[in-house]
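*Asks:* Chains R and Z, in that order, are what the protein sequence lines are. Oh and the first sequence: position 379 is 379 in our numbering, straight run, nothing missing. Oh and the second sequence: position 61 is 61 in our numbering, straight run, nothing missing.
Hints in this document: simulated from the structure, not taken from any laboratory.
Dumping the calculated DSSO-like pairs for lysine-lysine here, alpha-carbon to alpha-carbon at most 30 Å: (1) Z:317 - R:419; (2) R:236 - Z:309; (3) R:419 - Z:309; (4) R:272 - R:67; (5) R:102 - R:429; (6) R:186 - R:67; (7) R:285 - Z:5; (8) Z:317 - R:411; (9) Z:6 - R:102; (10) Z:6 - R:37; (11) R:411 - Z:309.
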Amino acid sequence: MQSHKKGYVMLKKSFFGLSRFRIEYELLPARQPEPDKVMPTKKVTLFHSKNGNQNAPASFQTGDKVKTGQKISLFADDPAYVISSVTGTISSISPHTGDFGKTYSAITVDIDENEILDDQFKKQIQTPDLAGAVEFLSFAPGNPPLSILSEPETEIHTIVIMGADSDLLIGTNQSIVKSRLDAVKKGIGTLRDMTGIDKIILITAGESMQGFGHIGAQVKNIDTGYPAALPQMIMKNVLGEVVPAGKTCTDLGVCFLTAEAAASIGKAFKDKQIPVRKILTLVTKDGNQRLIETVIGTPIRDILNRYGVSINEEDRIIFGGPMAGSAVYSLDHPVLPDTNGIVVIDRSDAAYASDYPCINCGECVRACPAQMQVHMLVRFLEAGHYEEAADNYDLFSCIECGLCSFVCVSKIPIFQYIKLAKYELDRAKALETTETTETTEVTEATDA
Amino acid sequence: MLDQKKLIVSHAPFWHNGSRITNRSYHTMLAALPAVLAGIYYYGIPVLGVVCLSVATAVLWELAINRVAKRPVTIGDGNAALIGLLLAMLFPATMPWWAVITGTFIAVVIGKQIFGGIGSNAFNPVALAVAIMMISWTDLFNFDGMLLSYDFNFAAVYPLALAKHFGSTSLESLRIGDLLIGRQIGGLGATFGLGLIAGGIYLMLRGFIRWEISLTFLVGVYATALLFNLIDPERFVSPGIHILSGYTLIGAFFLATDDSSSPVNGIPMLLYGIAGGIMTVLIRNIGAYIDGVILAILVINLVNPLLDKIRPQALGKVS
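Isolated chain R, as found in the complex (with noise of 0.2 Å):
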């Protein structure tokens, strides 16, 4: 079992103040053990996204049985699924509500003893095509973002596959690169005979050259301090291209996927049976960090018992990492096909906000690698005014990696303030858009 100790102690400020600080990431060692198998027990959760107000699900209902790998669509006019990761019968369909309102269908399946796997994956999959991997592979573990690269509106011309994982504590897709290369090399492989980009990139953190020879990417080491393995930060350091405020990596024509997803998809290809099984890392409140295998969908509560770890009231689950994670409110929450960690942080080690004001101290300014003047930033967010935010303030450019919050005097919830301003300005726009259209409809029937 892979549990090494460490000096798990937030990290503080230092004694000494006058350079920048620096937080470093944790490079895993060379050889990695085989990761813990921890499944499910009873049953698992599947959060099918859910795009609009659509009516009841037609195509399956609770009772019904399905089998391991098998694509479950509820909506017809929605290309959104998600892929059974056991054998068993949907014991339920409900709503679930996720961060800033994003709504999902929790499909629940009680786990059968006997395994059954789905053939219609293999079926229907000769050869690797991107029209295909787009129908079943999305769900996959690691998340692959397939349909970006097959929409034809997106130039996609640069694919970056991340070995490095962006959060601290995480090591998954680290590990990934060094124990599944050879998954990842398929991965790239198909993922270049599927879309026919050349531009391949692997990222890596702190990793020796060697060994990579033949993995048919470039590879491309980054920077080990937090938070060089951000997006935006790659497309800055390693790709040379800045990425204006408000528009993605996307919109540039490079598509990120995780070490994971690639190995996904390479996997599939090869065995012909979409994988259901992901890696992740759990952090507990201990400090000790695993590298776990276990099925999408396990509900959090199977995995922490497997270890013995006690939660009580008021501790924090986190999904993702400690910087730019996200808490879950429930212990039946399931494991993500895009869950790379899971940190259990007790209540008295975590951070809480003050709703003290600014002193204008500038650590904030200093911390920020995106430069942004963040100390006036955080008065005009305080105030609710998101529009001159991103005017004169650059809201925008903002990363979001979270060393402001982490290094601010008055504990102000900074980065919290960063993501419900984008948030309202995005609802916003998408209402003005929406108001715009029927304007335009109303005069066109007027005219008619």
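With chain R fixed as given, assemble chain Z onto it according to the hints.
*Replies:* What follows is chain Z alone, placed relative to chain R:
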């Protein structure tokens, strides 16, 4: 689920580097302590009285405003106490009690709370209070007059007053070493140069104040004073005396560096410090006042928002 535990859902990040406003305040007070102790050594117990009254009333004024404005009590952050301590350090040892209470009122209520409390004050509260008091009660800041009753075992002169009125020849007997260890007249916590420098270095190393501001302030004072001294050595005293007398050191390390009223970007900090230093010497040498530090700091506080407009371009900014 019946055994469902209530987890806390908060926003990322889930770590914090542990820095707190209270820490900043108390470490700044700690850094100021050597100079206050030297004040007690030179001027005796009355210093203790002034300091205690000043700190206590500053905290009480803050509490009173918290209560009146029906806002959360903020005296726990130590900022009011710090204001009280720094204000006392600028006073002569014999400051009457009513002046101390008035001073803390101006600093805490008018200098800070009226603007909206910590972080919102446009001017350094301490500098603002001293400026108002200097203009209102000139005699209280006439150090030679205020400390007349003392019998010192060193040349009891306020170097800046002497320099102003009699030119640099009057200060020939003054030794830099004496100024460093506080054998001069001035504010009760502003004369012990060695202590202030040590405190300043401590604060800069710990990152509680910015070296960009403090050092450029001193450079500004030194360079400007040197220029004057070179032009007319008879009339203008040497830069060393400018650095080590009056409020220069306490101003550079403790007043100009006030978080709220100083810039946060690199170049603005340098300009801010330099401007403060130049203004100080201009007021001292050709202005009407004996010591220019307080007014210079208010002037740079005033231009701070403008200076801070000089900022690096944000990542991916589309202009």
